[in-house]
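Generate the whole structure from the sequences, applying the supplied hints.
For the protein sequence lines, the chains are A and B, in the order given. For the first sequence, the working numbering begins at 1 and goes up steadily by one. For the second sequence, the working numbering begins at 221 and goes up steadily by one.
Accuracy of the hints is not assured; some may be wrong.
Stated by the list, open to error - Taking lysine-lysine and the DSS-like style, the derived pairs with C-alpha atoms no more than 30 Å apart in a straight line are:
hint : chain 1 : residue 1 : chain 2 : residue 2
1    : B       : Lys305    : A       : Lys71
2    : B       : Lys291    : A       : Lys12
3    : B       : Lys348    : A       : Lys67
4    : B       : Lys364    : A       : Lys144
5    : B       : Lys348    : A       : Lys157
6    : A       : Lys138    : B       : Lys282
7    : A       : Lys131    : A       : Lys2
8    : B       : Lys383    : A       : Lys138
9    : A       : Lys139    : B       : Lys383
10   : B       : Lys305    : A       : Lys157
11   : A       : Lys130    : B       : Lys348
12   : A       : Lys138    : B       : Lys348
13   : A       : Lys131    : B       : Lys383
14   : B       : Lys364    : A       : Lys130
15   : A       : Lys157    : B       : Lys291
16   : A       : Lys70     : B       : Lys348
17   : B       : Lys304    : A       : Lys157
18   : A       : Lys8      : B       : Lys291
19   : A       : Lys139    : B       : Lys382
I should point out that these hints are in silico values taken from the structure, not numbers from a laboratory.
Residues per chain are reported as follows:
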Amino acid sequence: MKKIVSAKEAVKKIKDGATVMIGGFLSCGVPDKLIDALVEQNTKNLTMICNDTSYPDADKGKLIVNKQIKKLITTHIGTNPETGRQMNDGEIDVELTPMGTLVERIRAKGAGLGGVLAPTGVGTIVENGKKTMEVDGKKYIFEKPIGADFALIYGTKVDRFGNVSFYGTTRNMNTVMATAADTVIVQADEIVDEIDPNEVVIPGIFIDCIVEREKDLETV
Amino acid sequence: MELTLLSKEKTREIIARRAAKEFKSGDVVTLGIGLPTAVANYIPEDQHVIFQSENGLLGIGKNTTGDNMDKRIINAGGICVEAKKGACFYDAATALSMMRGGHIDATVLGALQVDEEGSIASWMIPNKFVPGMGGAMDLVIGSKRVIVAMEHTNKGEVKIVKKCTLPLTAYREVDLIITERCVFDVTPDGLVLTEINPMFSMDDIKESVSADFIISDNLKYMDID
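Structure below.
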């Protein structure tokens, strides 16, 4: 059985300077209440690893607007003008990476691999400063694994064993992030007694604690 | 010289309609955000083209509105859409495996610049416009066919160039360039002009493209109705 806690309690262990992975594609499948709690806690100098920085008034975007992020590793910032402004003014260090490369770097960490060879970005600035290798005549970029102290992820249904299932396009990077952080906190739309083992997408062993969205009165 | 014979709306329609002719039934296609998304509107009803997106949906249907909107089902532009019969959902690792791994038949995307070698720049103008590449680099490198569908010039500024000066999205991956004025095939011999919009002269094309190109022996008029 996994610990069920409030969003406020769940993010308490995240201290200044921590590295945090956050699931979600724009505002879909995103642990919004965990982010709200992290905004309220006002933890600073965070390194954030995420697909995108959403919109200025939404989820991941709020952490940018509230100036809690020191370093950002992401694939797209175009929907949040504040990220671009902070980057241009030197307030935030932004590493833009191809989406497939970011996913596989995270997956490599969670899978215990020493990195991946990606064809993506060969002949572009993505290649700069990285080792390359030829395999069967094709050039690849060596990309290192990447993990985090915390992963904040979303699940549609989560059972008491931590098993996670999803609805619609909410899976996005939540699945790989669950495998690649020291502490994994899942925000569930609903906590259920049990999920049919056939429906489980993220096995419960990857999850450390669960926050239920609707019942979390402390942050609603 | 900037030619303004066509409205913005008509320009986009000509491009999207032409790009839609590039598919056959059964093709799995990923459309970029913006103009390329409109290509889906011109696919014949009886043609079974499957649209894929990087945020985890294969079988994208129409945009949903009102009570049918579900924020848990979106496309890569963040718009609520329907999942068509036969659709499936998946995570980002699977989505990008489809894209990078050679499982997408064709992609249509916009560009800031395309050059005569088929290299494309679409994700940043240093210090000015830096949205990031998202899944575009993976898509361009992995898709079996890469179709650039874009306005011919950027307010008169040439976009089909000898060599891209902006940071590349991918080196030598583009197969076809479609604009409102013409269509170019990217071949090992360079760009080949295969179609021209009858509203424009050959001089109009030559003046608005800085890349060298060959004129096809089978040069045709584009369908602009």
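Broken hints, by number: Numbers 1, 5, 6, 7, 12, in rising order.
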